[in-house]
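K.L.:
Given next are the chains, with one letter for each unit.
Protein chains: 2
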Amino acid sequence: MYRSHNCGELRINDLTKQVELSGWIQKIRDKGFIMWVDLRDRYGITQLIFDQERTPADVIELAKTLGREFVINIKGHVIERASKNSLIDTGEIEVLVTDLNILNTSSTPPFTIEDESDGGEELRMKYRYLDIRRNPVKNNLILRHEITQEVRKYLSDNSFIEIETPYLIKSTPEGARDFVVPSRMNPGQFYALPQSPQTFKQLLMVAGMDKYFQIVKCFRDEDLRADRQPEFTQIDCEMAFVDQDEILTTFENLVKHIFKAVKKINLDKFPVMTYDDAIQKFGTDKPDLRYDMTFVELNDVTQHKDFNVFNIAELVVGFVIKGGNSFTRKDIDKYTEWVKRPQIGAGGLAYMRIQDDGSFKSSVDKFYDQSDLKSWSEKSGGNKGDILFILSGDKEKVRTQLGALRVHVADELNLKDPEEFKPLWVVDFPLLHWDEETKTYHAMHHPFTSPKTDQIDMIDSDPSAVRADAYDLVLNGNEIGGGSIRIHDKKIQQKMFDCLGFTKEEADKQFGFLMNAFEYGAPPHGGIAFGLDRLVAIMGGNEIIRDFIAFPKNNSGRDIMIDSPSTISEEQLKEINLRLKSK
Amino acid sequence: MYRSHNCGELRINDLTKQVELSGWIQKIRDKGFIMWVDLRDRYGITQLIFDQERTPADVIELAKTLGREFVINIKGHVIERASKNSLIDTGEIEVLVTDLNILNTSSTPPFTIEDESDGGEELRMKYRYLDIRRNPVKNNLILRHEITQEVRKYLSDNSFIEIETPYLIKSTPEGARDFVVPSRMNPGQFYALPQSPQTFKQLLMVAGMDKYFQIVKCFRDEDLRADRQPEFTQIDCEMAFVDQDEILTTFENLVKHIFKAVKKINLDKFPVMTYDDAIQKFGTDKPDLRYDMTFVELNDVTQHKDFNVFNIAELVVGFVIKGGNSFTRKDIDKYTEWVKRPQIGAGGLAYMRIQDDGSFKSSVDKFYDQSDLKSWSEKSGGNKGDILFILSGDKEKVRTQLGALRVHVADELNLKDPEEFKPLWVVDFPLLHWDEETKTYHAMHHPFTSPKTDQIDMIDSDPSAVRADAYDLVLNGNEIGGGSIRIHDKKIQQKMFDCLGFTKEEADKQFGFLMNAFEYGAPPHGGIAFGLDRLVAIMGGNEIIRDFIAFPKNNSGRDIMIDSPSTISEEQLKEINLRLKSK
Numbered sequence: 001m002y003r004s005h006n007c008g009e010l011r012i013n014d015l016t017k018q019v020e021l022s023g024w025i026q027k028i029r030d031k032g033f034i035m036w037v038d039l040r041d042r043y044g045i046t047q048l049i050f051d052q053e054r055t056p057a058d059v060i061e062l063a064k065t066l067g068r069e070f071v072i073n074i075k076g077h078v079i080e081r082a083s084k085n086s087l088i089d090t091g092e093i094e095v096l097v098t099d100l101n102i103l104n105t106s107s108t109p110p111f112t113i114e115d116e117s118d119g120g121e122e123l124r125m126k127y128r129y130l131d132i133r134r135n136p137v138k139n140n141l142i143l144r145h146e147i148t149q150e151v152r153k154y155l156s157d158n159s160f161i162e163i164e165t166p167y168l169i170k171s172t173p174e175g176a177r178d179f180v181v182p183s184r185m186n187p188g189q190f191y192a193l194p195q196s197p198q199t200f201k202q203l204l205m206v207a208g209m210d211k212y213f214q215i216v217k218c219f220r221d222e223d224l225r226a227d228r229q230p231e232f233t234q235i236d237c238e239m240a241f242v243d244q245d246e247i248l249t250t251f252e253n254l255v256k257h258i259f260k261a262v263k264k265i266n267l268d269k270f271p272v273m274t275y276d277d278a279i280q281k282f283g284t285d286k287p288d289l290r291y292d293m294t295f296v297e298l299n300d301v302t303q304h305k306d307f308n309v310f311n312i313a314e315l316v317v318g319f320v321i322k323g324g325n326s327f328t329r330k331d332i333d334k335y336t337e338w339v340k341r342p343q344i345g346a347g348g349l350a351y352m353r354i355q356d357d358g359s360f361k362s363s364v365d366k367f368y369d370q371s372d373l374k375s376w377s378e379k380s381g382g383n384k385g386d387i388l389f390i391l392s393g394d395k396e397k398v399r400t401q402l403g404a405l406r407v408h409v410a411d412e413l414n415l416k417d418p419e420e421f422k423p424l425w426v427v428d429f430p431l432l433h434w435d436e437e438t439k440t441y442h443a444m445h446h447p448f449t450s451p452k453t454d455q456i457d458m459i460d461s462d463p464s465a466v467r468a469d470a471y472d473l474v475l476n477g478n479e480i481g482g483g484s485i486r487i488h489d490k491k492i493q494q495k496m497f498d499c500l501g502f503t504k505e506e507a508d509k510q511f512g513f514l515m516n517a518f519e520y521g522a523p524p525h526g527g528i529a530f531g532l533d534r535l536v537a538i539m540g541g542n543e544i545i546r547d548f549i550a551f552p553k554n555n556s557g558r559d560i561m562i563d564s565p566s567t568i569s570e571e572q573l574k575e576i577n578l579r580l581k582s583k
Numbered sequence: 001m002y003r004s005h006n007c008g009e010l011r012i013n014d015l016t017k018q019v020e021l022s023g024w025i026q027k028i029r030d031k032g033f034i035m036w037v038d039l040r041d042r043y044g045i046t047q048l049i050f051d052q053e054r055t056p057a058d059v060i061e062l063a064k065t066l067g068r069e070f071v072i073n074i075k076g077h078v079i080e081r082a083s084k085n086s087l088i089d090t091g092e093i094e095v096l097v098t099d100l101n102i103l104n105t106s107s108t109p110p111f112t113i114e115d116e117s118d119g120g121e122e123l124r125m126k127y128r129y130l131d132i133r134r135n136p137v138k139n140n141l142i143l144r145h146e147i148t149q150e151v152r153k154y155l156s157d158n159s160f161i162e163i164e165t166p167y168l169i170k171s172t173p174e175g176a177r178d179f180v181v182p183s184r185m186n187p188g189q190f191y192a193l194p195q196s197p198q199t200f201k202q203l204l205m206v207a208g209m210d211k212y213f214q215i216v217k218c219f220r221d222e223d224l225r226a227d228r229q230p231e232f233t234q235i236d237c238e239m240a241f242v243d244q245d246e247i248l249t250t251f252e253n254l255v256k257h258i259f260k261a262v263k264k265i266n267l268d269k270f271p272v273m274t275y276d277d278a279i280q281k282f283g284t285d286k287p288d289l290r291y292d293m294t295f296v297e298l299n300d301v302t303q304h305k306d307f308n309v310f311n312i313a314e315l316v317v318g319f320v321i322k323g324g325n326s327f328t329r330k331d332i333d334k335y336t337e338w339v340k341r342p343q344i345g346a347g348g349l350a351y352m353r354i355q356d357d358g359s360f361k362s363s364v365d366k367f368y369d370q371s372d373l374k375s376w377s378e379k380s381g382g383n384k385g386d387i388l389f390i391l392s393g394d395k396e397k398v399r400t401q402l403g404a405l406r407v408h409v410a411d412e413l414n415l416k417d418p419e420e421f422k423p424l425w426v427v428d429f430p431l432l433h434w435d436e437e438t439k440t441y442h443a444m445h446h447p448f449t450s451p452k453t454d455q456i457d458m459i460d461s462d463p464s465a466v467r468a469d470a471y472d473l474v475l476n477g478n479e480i481g482g483g484s485i486r487i488h489d490k491k492i493q494q495k496m497f498d499c500l501g502f503t504k505e506e507a508d509k510q511f512g513f514l515m516n517a518f519e520y521g522a523p524p525h526g527g528i529a530f531g532l533d534r535l536v537a538i539m540g541g542n543e544i545i546r547d548f549i550a551f552p553k554n555n556s557g558r559d560i561m562i563d564s565p566s567t568i569s570e571e572q573l574k575e576i577n578l579r580l581k582s583k
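The listed protein sequences derive, respectively, from chains B and V. 382 is the number that the working numbering gives to position 382 of the first sequence; each next residue is one higher, with no gaps. 85 is the number that the working numbering gives to position 85 of the second sequence; each next residue is one higher, with no gaps.
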């Protein structure tokens, strides 16, 4: 027995109780004859008092040797504090120590174990076990736990069965790069780690399991972008005998349940928007609806004058920023530079101020008069005091550029309230997208996604136009989930593989087992997968997923705490029948 | 919408309801003018009736084309059956079909989708998605789901936090073989898949998470024995500020909770036995307590006569089989041959019958008289009608041999009731065991296990005698869980590494991060890990773990359904900077 209570538990009505506590030393205040120690564990902080008049001399003497992060065990009794601390739950009491036992000492930590640490990213990662002692990180992990338990509860209560699918599977070079695992027992052969349990969950539907879920690690060997991890966690779900509406309803209710249970937030019915609408209105398939700035297409009110930039453009498009007339010339210059950066690649930024007296002032006053500008203002719904930002050019590019600008403006104007949550279903994704580089079609979602049933014939005649029964759940501008109704007809699946340029041999080698399964009574089915890391991060009010993973890797895929990956011995290499290429 | 009800749901009080069902065709009985179809889904079977007088002609015509495992969708209304079936929940009703929609056809399955299938192991694995349609396999997966949800519920309710630890970690060649994963971004370097999250869960204790759990896949690249899988699932748990008793209580209650919640069985308090006792009494550290046959040491009553086999033996030991006097000469010969098999390696089997008249008859009557035999009988507690089996030889070997014989006798006599559950804690394991081959000490549990605190000095003077704060939970003769109090003192951990023959460099390279962590206030901690596959199998009344895994691998580590492992492309190999050795 190391404790009768934890460090977050004692209250004023525990006064006089004999207690035993264990934990870490957060802080020491030594006044000579009296010494206070803040003792910390996962549950909270309790103040200990060592008092020359009431604590045995040898205990005081030992207490003088204590340091930050020492692990101690004490006995004592609960007394009322002279000066209370209303900021912590235990703030009305303290424990007068009678026995002290040092369970472990500690070197001085490389950074402070406080809510705001002085440790840099690298240092905090190397000593992640100390970083986790800090409340923000600890609370993130507890939030993650709560969310996953509620996900399981909701899905189990709705007849979903959690089924583990294998981690050692088969490499399917299509899509992102696999991590592979050499097989010692089958020399020259490899397993692959799953990028998702996609084919297995479909097989479980063929197997009649009806409703499946799993919270599962997935792996992608990609060149890591700032906030990607080579291993990440999905809430993976699949249902048989359902159409898209039933799936949306089921998982909308899941997300509502989590928000209600974990954050005490009641979400309204989620809006639904088509992919085409999202692109047209927000320049992205994951619009952030916490702020407006909906796109307005201005071709018909801009292309009748001598301004060639607009006249030759496929699309002239803009959005209104409420109160944006307060932007200084310098502000606007900064936005202009921002859109001209090579990452965005716009030629420039046109704008129109709607001034407080109702007159207009634009960057293109040379070409347009007040009545032109008035028509822009009317079309875009701008009001006095607003500003209209306008980009022009090739339709697809300019929408992407303006979409990025929209997000940037929201960042600059602090429009992203981390405690506001705006979910959105985006539906009717294209089935395929054309890859200019390889001159082939790729699956927009994945090769198992069902085209709209009335558009199957168009796969041959007009592939780009075919829409899929595919949907994403977007939350605050992030895709947190995506899924589709799957193909369950072998012939259509074959058609898709053909269309994606698989030879029959390739399709057979990689997905033969699934095609075989479709021979034996595959039911209609569909599903969704949520990115748990991202979902937790957003619910935690912070979009850096690393902060919500106990032991994340850095941007080079390294775990700098354990120093991995690392070399292995010649003997290990030999056993798995491999040589390093450089040797 | 594909259904208003599932196939296990309709009852007599649903009579006359209009319903829509979807599922697979289990069975067709075609009487010409009337046709019955058993429609199956995960939830049950509902009988459909197609009746010339009441079902539209075109529907009847389409129904004539149906076959086994076709996927159909029907509409109709619920009527009362003429001949009821009390064996199924829906047995009082049937659905008179008015609309029929074939959702998918099926080829004839390669084996029957019945509780007792005609499919062999290999075929069932290849078509696992059909095997899972069978009730026994389906129910195993549902049982597994129920158990894991209850594990999570109990642990969450007891303040444990589920935390995901990484899958791409670092190779530690000590112990079993790792699966390794080449890193493309770090050429020549490898991750390893975890054999367990051991070091991470200890770091989480250093991090102050206090109580951790995870249901997690682990990986071991071993030459597979009959019932091992290269990937397996653990319920992995760790607690800080606890002693062994608190851990045993916590996890005994976990197991009781699962049995109560899932199987409605109240388990009694688990007995506790020391490792030494288990070995001495049952010849194994995982005794099956569903049957008795406790060992009796007979040296003092056997070594006073001229029977040299016993006289030179370090140990003469036996057990009584209730009613075993009914064994025929042939039965006994078979047991004798069994113990002489090279896998067991005994020289022979001595026995003594206690006959119904109270006289004794033994295989060594030449050397021992009735009064000798009477003393054996008294010592072993045998009664009239029993038989005493005796082996002799080197103490360690003979106990193992007799332990194996005890299990074999129980098998032969059908003493293993799969619905009887006898848990047992085995405690006080040796810290180290001496490996004759390598002439080194190995950690009996793992290198992080704490020796009994009063025996730390013996690590130098008498290593083999040191006992550890290590414990196993045994259920029906299987180790279902094992754990220990861990070392939290850097100096003792260093001593252990020394003792295990790690050089300082090796210890640093592999476990430096843990040793570093121990610098910063490591709390006393300990934990346990349960083998989920085994636990579920035992609770399912069947000890073949493969039957409780959705997509298991065979004994060569192959998934024969997806045909993995398999070769990968030259390009993939090149990207990860590897060559096959044979090239």
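Calculated from the structure, these hints are not laboratory results. From a predicted model like this one, the values you see are computed outputs, not experimental measurements. Hints are supplied without guarantee of correctness; some may be wrong.
When chains are identical, the list treats them as one kind, so a pair holds in a single copy or across two.
What the hints assert, rightly or not - Pairs of lysine-lysine residues, derived as DSS-like cross-links and limited to a Cα-Cα distance of at most 25 Å, are as follows:
#, residue 1, residue 2
1, K138, K217
2, K64, K491
3, K491, K256
4, K305, K263
5, K509, K574
6, K263, K153
K.L.:
Now tell me if each hint is right for this structure.
P.N.:
Each hint tested on the structure:
{"no.": "1", "hint": "K138 <-> K217", "result": "both (21 Å within a copy, 24 Å between copies)"}
{"no.": "2", "hint": "K64 <-> K491", "result": "between (79 Å within a copy, 24 Å between copies)"}
{"no.": "3", "hint": "K491 <-> K256", "result": "neither (38 Å within a copy, 51 Å between copies)"}
{"no.": "4", "hint": "K305 <-> K263", "result": "neither (54 Å within a copy, 80 Å between copies)"}
{"no.": "5", "hint": "K509 <-> K574", "result": "between (28 Å within a copy, 21 Å between copies)"}
{"no.": "6", "hint": "K263 <-> K153", "result": "both (16 Å within a copy, 20 Å between copies)"}
In this structure, the earlier hints numbered 3, 4 are contradicted, and the remaining ones agree with it.
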